[in-house]
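*Asks:* Read off the chains here:
Number of protein chains: 4
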Amino acid sequence: MLKKQELLATPIEHIDITKTNVVPLVDAMAGMAFSARDLARAAEITDRMVRDQDCGIILCLAGSLISAGLKKVFVDAIRCNMVDAIVSTGANIVDQDFFEALGYKHYIAAEALKSGMHDADLRELAIDRIYDTLIDEDELRVCDDTTKIIADELEGRPHSSREFIRAMGAYLDKHGCKTADSIVYEAYKREVPIFVPAFSDCSAGFGLVAHQHARGDQPKVAIDSAKDFYELTQLKIANPTTGLFMIGGGVPKNFAQDIVVAADILGHEAPMHKYAVQITVADVRDGALSGSTLKEASSWGKVDLAYEQMVYSEATMAVPLIMGYAYHKGHWKQRTGREWNKLLSPVTVG
Amino acid sequence: MLKKQELLATPIEHIDITKTNVVPLVDAMAGMAFSARDLARAAEITDRMVRDQDCGIILCLAGSLISAGLKKVFVDAIRCNMVDAIVSTGANIVDQDFFEALGYKHYIAAEALKSGMHDADLRELAIDRIYDTLIDEDELRVCDDTTKIIADELEGRPHSSREFIRAMGAYLDKHGCKTADSIVYEAYKREVPIFVPAFSDCSAGFGLVAHQHARGDQPKVAIDSAKDFYELTQLKIANPTTGLFMIGGGVPKNFAQDIVVAADILGHEAPMHKYAVQITVADVRDGALSGSTLKEASSWGKVDLAYEQMVYSEATMAVPLIMGYAYHKGHWKQRTGREWNKLLSPVTVG
Amino acid sequence: MLKKQELLATPIEHIDITKTNVVPLVDAMAGMAFSARDLARAAEITDRMVRDQDCGIILCLAGSLISAGLKKVFVDAIRCNMVDAIVSTGANIVDQDFFEALGYKHYIAAEALKSGMHDADLRELAIDRIYDTLIDEDELRVCDDTTKIIADELEGRPHSSREFIRAMGAYLDKHGCKTADSIVYEAYKREVPIFVPAFSDCSAGFGLVAHQHARGDQPKVAIDSAKDFYELTQLKIANPTTGLFMIGGGVPKNFAQDIVVAADILGHEAPMHKYAVQITVADVRDGALSGSTLKEASSWGKVDLAYEQMVYSEATMAVPLIMGYAYHKGHWKQRTGREWNKLLSPVTVG
Amino acid sequence: MLKKQELLATPIEHIDITKTNVVPLVDAMAGMAFSARDLARAAEITDRMVRDQDCGIILCLAGSLISAGLKKVFVDAIRCNMVDAIVSTGANIVDQDFFEALGYKHYIAAEALKSGMHDADLRELAIDRIYDTLIDEDELRVCDDTTKIIADELEGRPHSSREFIRAMGAYLDKHGCKTADSIVYEAYKREVPIFVPAFSDCSAGFGLVAHQHARGDQPKVAIDSAKDFYELTQLKIANPTTGLFMIGGGVPKNFAQDIVVAADILGHEAPMHKYAVQITVADVRDGALSGSTLKEASSWGKVDLAYEQMVYSEATMAVPLIMGYAYHKGHWKQRTGREWNKLLSPVTVG
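Keeping their order, the protein sequence lines are chains A, B, C and D.
Going by this note's numbering, 196 is the number at position 196 of the first sequence; the sequence numbering is gapless.
Going by this note's numbering, 321 is the number at position 321 of the second sequence; the sequence numbering is gapless.
Going by this note's numbering, 175 is the number at position 175 of the third sequence; the sequence numbering is gapless.
Going by this note's numbering, 68 is the number at position 68 of the fourth sequence; the sequence numbering is gapless.
Think of the hints as simulated: they come from the structure by calculation, not from any bench.
Remember, predicted model here, so these are calculated numbers, not experimental data.
Please note that the accuracy of each hint is not assured.
One copy or any two copies: either way a pair holds, since identical chains are not told apart in the list.
[As the list claims (entries may be wrong)] Below, a list of computed lysine-lysine pairs in the DSS-like style, where the Cα atoms sit at most 30 Å apart:
| hint | residue 1 | residue 2 |
| --- | --- | --- |
| 1 | K3 | K329 |
| 2 | K342 | K3 |
| 3 | K114 | K3 |
| 4 | K114 | K4 |
| 5 | K19 | K333 |
| 6 | K329 | K19 |
| 7 | K4 | K105 |
| 8 | K3 | K105 |
| 9 | K19 | K342 |
| 10 | K174 | K114 |
| 11 | K3 | K19 |
| 12 | K3 | K178 |
| 13 | K342 | K174 |
| 14 | K189 | K342 |
| 15 | K3 | K174 |
| 16 | K4 | K189 |
Take the sequences, apply the hints, and build the full model.
*Replies:* And the structure:
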């Protein structure tokens, strides 16, 4: 077995979609069959969302996307006003993006490690594995600890995950963001809200448990997932035309789809999401939400049928093509940032 | 198009694993290859968890399992002391199990509806579709409303989802449980804790948003996902030997795996989960947690390598065989209920 | 690394579906959702084929099914007159079934070998791997050589694969079948035709290449895939009502479906296959035939829509349940063997 | 329902990889994780095969690739001497490529047709469906009939599929190829052999059955799959360094891999395939060959371990990137055509 240093030698590098104009390639795929045609249609719908200046665009992230090299795609999307809000799993935002903003990196695993045959050895070396990618667990523990520090400085009351993640952005602003591209930091600067509806289910969970334990009977930071839902619904009410750009399924997909119903429950007749794209490897057979079709979501009154497209592909292949298409079409140049964080702060409950 | 009543004519019926002794069938599968052999080994590990009287068994549920007819399997597992805690997505617990406890049912969809070609019609009729299964949305709205009633009666402070779900059990106890088999109600009676780490991401979220909205500036119920994590970790600390029986992946899988690390952060050297079984259709290729191998989890120090088994199968086929095997082996007769809810109430923070 | 003998220590054992009555279990699955419901319907259609005494049943086999422990299922199906013809990949018939009839076995691979990390070592030891199963390559070479011996004794002219496989059965009859259950031998005795439309693509291919090479300019055995197609079509013409029981997709699925069109081309208006069941893990997304739906096959005029069912499952799990269901329903007791080999010999071209 | 003419209005258009230089995009993918990294490595290995002037490159095609819009990719690969032999399913070569060479087209199906809900209507209109693509069955019957005409003009003896496909190229040369890009015709002109080991399992099968039927007792064309195997093995013996570029699995994958063993059986110590790339959506779980890893193939002594890469992706997305990469790297400019048909004619047996 190699030493830790040798195993963590080659960092993941984030792809830059601004460099290759994929528009002709993707347009050609529209005349083909199967996933290529689906991908081209998804790209066209994504461009359509960007072109529609009434549309608030919600990016949903599930899966290990940041560690996989897609970080800069999303940061560029924020910078180009192609994203107005983000709903994500905790790992993408805390363990991976914030982790890199603290100055750490993800590493390419040698082929043999993918087999799982060396996981006991990795355990000994305090190296965590995500399929073909490695993480220094000691560095990840620093990330955990930093979330505790942030929690300790917040008011002892229920916060939405969005409020907490905004505080993470403020922390980076104060102590320095140690990477050129950070979703948390870029979203902080541009007032783009980020929601993580299962916020304890990541590195921040460890910091929060430690925080709550240390506080004992004193008021402590709680992460109120209902508040998240309330806030995201406010955005739907304020900006009825919406589009979902979803990578993977899981909680982010369901959470973002559900705000149509939540708005209705609060007495606002909000339209279904007008645009919806999902990139996933999950399939429809097991009835789980992650692979459920966007047509099915329309039976629930959540997604409109006119502009929806599933793309069955692993994200690292499809996202650079679809987001690259929307970027190079250039319609984002007519958009301005919605700065939804500003909208949320006053209406926040609690 | 048929009328609503005609579409909602044939209810889903929950399978009863006590009726067929599958032990010889599953034992024979151990001598085969591929999924049959994996399934047999998973069944053997499940039986081993049940036999190990030191082992606290955590059942993790993701996917539409209750609507799919697996409810009685889990209720029987609770009754036989084969489950000591549950971590689930919200849909299984609230939209599906609690929904049925309120007297409603899920219905078999006609073949043509699976195509998605009739979802706009279903929308008109207020029928929600889960692949091949139908739900009366009007009934589901009653379920949403009931969670608001429950929230309105709780103290205005952060609660763990476990506390809230226990209150749902108490509600059923008071107003009557209208089905013979309910996970929420059975768990309530036997003091089995149920955690839903992304609790707003289900029918309860609608009730909670309405509750918080109605409360305005008054103290309100918050659902603190950090408290969930804190509580589940306490169970690991109190009962270090643990086994995970996981159906699907997602937040429940990650959340339950993570308590090993959380215990460590709170200063307790807890062992990795000693047993782990996962039934899933997700695969390893996209690096997402749902399909990540249990070997990979061992690199994170979460799952031990000696007794772990992935079974790549849709749950409705594999669960009756595996849980049926453990049931008919009968080692649960030597177990007593842990009644972990009793353990949690005093240590609960907040 | 272990020695060859240690690696090849635990043989695969073939499951015996006659031992557990799965009818109540499968009937219960009909009231569930997802794959369980599909499986129950597939079992019901299979039973219906068996009940329909006009129906000729064609079993299609793709994937490593015999090495996986399903051999006895198919042998029992032949013995019970539940199968009237077989269309298969070569590996199942020659490398696996005939191989076992020569007295050899398949072996269970230790977990670590599945990773592929030891394949170079296996190569050194002349052990071939099929995922989690091992084969002694020296024994497989004997199987190759035996097919050459059989070819050498045949007339030097084009043969259908069926004729050749029948000669393999005769070889076993003469030299002794060294296993209790053999598809090739049982089919020989009961005059059930077996077709392998890509016959060179297996162990027999090696024997045939050696045979043709040795013959030089002399007349030699050719395997005429057109003759296979012609013969199978004759069966459809002679017995218009047909059912397909397909495991996996590939050439066997397509070949058997196509005979409806071939009959039409020969001037016989044959009905579409009346019953069709397919068990597969392939999905529809890539447009390949293996995962194409049976509905799609109806657009080609090959499969009727009334009784068709896809089951998305790995075969080792689904086949014992579906075939076990048909066996224990017992309607095969009213059937007699069609002995289609007798029908074919006179009409054979060439 | 629309009329046939309206349904067959928008033809599939074949992608042109020469137009977009994807080298920077694919190179960037090498620094990512998951499928992007695998794809980049597969592209690099493909370029390496092309650079290695000793290497004979065998292209293996399974799945509906030509109807899906990939035809021009393969024709360009032949033109650039990036392909020395082809092993394919029959559908790609006969029903799709030769069909288009006769002047027919494939058509884009409207979204609703993909559901399968309209297949009975399509049947009425004599329109065949491949997932999201449509074919005029009347035109396909012309293709069937043309293969009969070709068979009728051949000598009544066993032919390899390669000989027959070469005759199809000659037919196009004589009667005119009605499309700018045809694999069959381009391969004919450049003496690139095409093998279809299950040749009856396609449109040609219908023509051959009709031919054999019409011939009655007279000598007739037989398609000898053993001869195919013999011929392909001769190429391996003549040119020991080989690389496999495989799209999908099935018979073509197995057939091409097996020639290493066949060469050995004929007394020639041929090295394993030095390079191997496979693009597939099949997975390893069911033990079927299509999804079996290239590492597993090395246990069989068929594929070397140094330069092998699986890419889990639907072909329409991955092939333009991988073949586009190899094209734009430009190393094919140093290659000359092997014209293997010339090599084969004299050594052909029988």
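*Asks:* Now, for every hint given, state plainly whether the structure supports it.
*Replies:* Tested hints:
In this assembly of identical chains, the alpha carbons of K3 and K329 never lie at most 30 Å apart, being 46 Å within a copy and 36 Å across copies at closest. Taking the closest pair of Cα atoms, K342 and K3 never come within 30 Å of each other, the shortest separation being 48 Å inside a single copy and 47 Å across copies. For the identical chains of this complex, K114 and K3 are neighbours both inside a copy (17 Å) and across copies (26 Å), given an alpha-carbon limit of 30 Å. In this assembly of identical chains, K114 and K4 lie within 30 Å of each other by CA distance both inside one copy and across copies; the values are 16 Å within and 26 Å between.
In this homomeric assembly, K19 and K333 come within 30 Å of each other (Cα to Cα) both inside a single copy, at 17 Å, and across copies, at 27 Å. Taking CA atoms no more than 30 Å apart as the test, K329 paired with K19 passes in both settings, with 13 Å inside one copy and 18 Å between copies. For the homomeric pair K4 and K105, the shortest alpha-carbon distance inside one copy (14 Å) is at most 30 Å, but the shortest distance between copies (44 Å) is not. Taking the shortest alpha-carbon separations for K3 and K105, only the intra-copy value of 17 Å comes in at or below 30 Å, while the best inter-copy value is 42 Å.
Taking the shortest Cα distances, K19 and K342 never come within 30 Å of each other, neither inside one copy (33 Å) nor across copies (45 Å). With identical chains, the CA atoms of K174 and K114 are never at most 30 Å apart, being 38 Å at best within one copy and 50 Å at best between copies. In the homo-oligomer, the alpha carbons of K3 and K19 never lie at most 30 Å apart, since the shortest distance is 36 Å inside one protomer and 45 Å across protomers. When the C-alpha separation of K3 and K178 is checked against a cutoff of 30 Å, the pair qualifies only within one copy, where the shortest distance is 26 Å, while the shortest distance between copies is 53 Å.
With identical chains, the CA atoms of K342 and K174 are at most 30 Å apart within one copy only, with a shortest distance of 20 Å there and 44 Å across copies. In the homo-oligomer, the alpha carbons of K189 and K342 lie at most 30 Å apart inside one protomer (12 Å), although the nearest pairing across protomers, at 46 Å, exceeds that limit. Within a single copy, K3 and K174 get their C-alpha atoms no closer than 35 Å, and across copies no closer than 61 Å, so neither meets the 30 Å cut-off. In the homo-oligomer, the alpha carbons of K4 and K189 never lie at most 30 Å apart, since the shortest distance is 36 Å inside one protomer and 50 Å across protomers.
The structure shown violates the earlier hints numbered 1, 2, 9, 10, 11, 15, 16.
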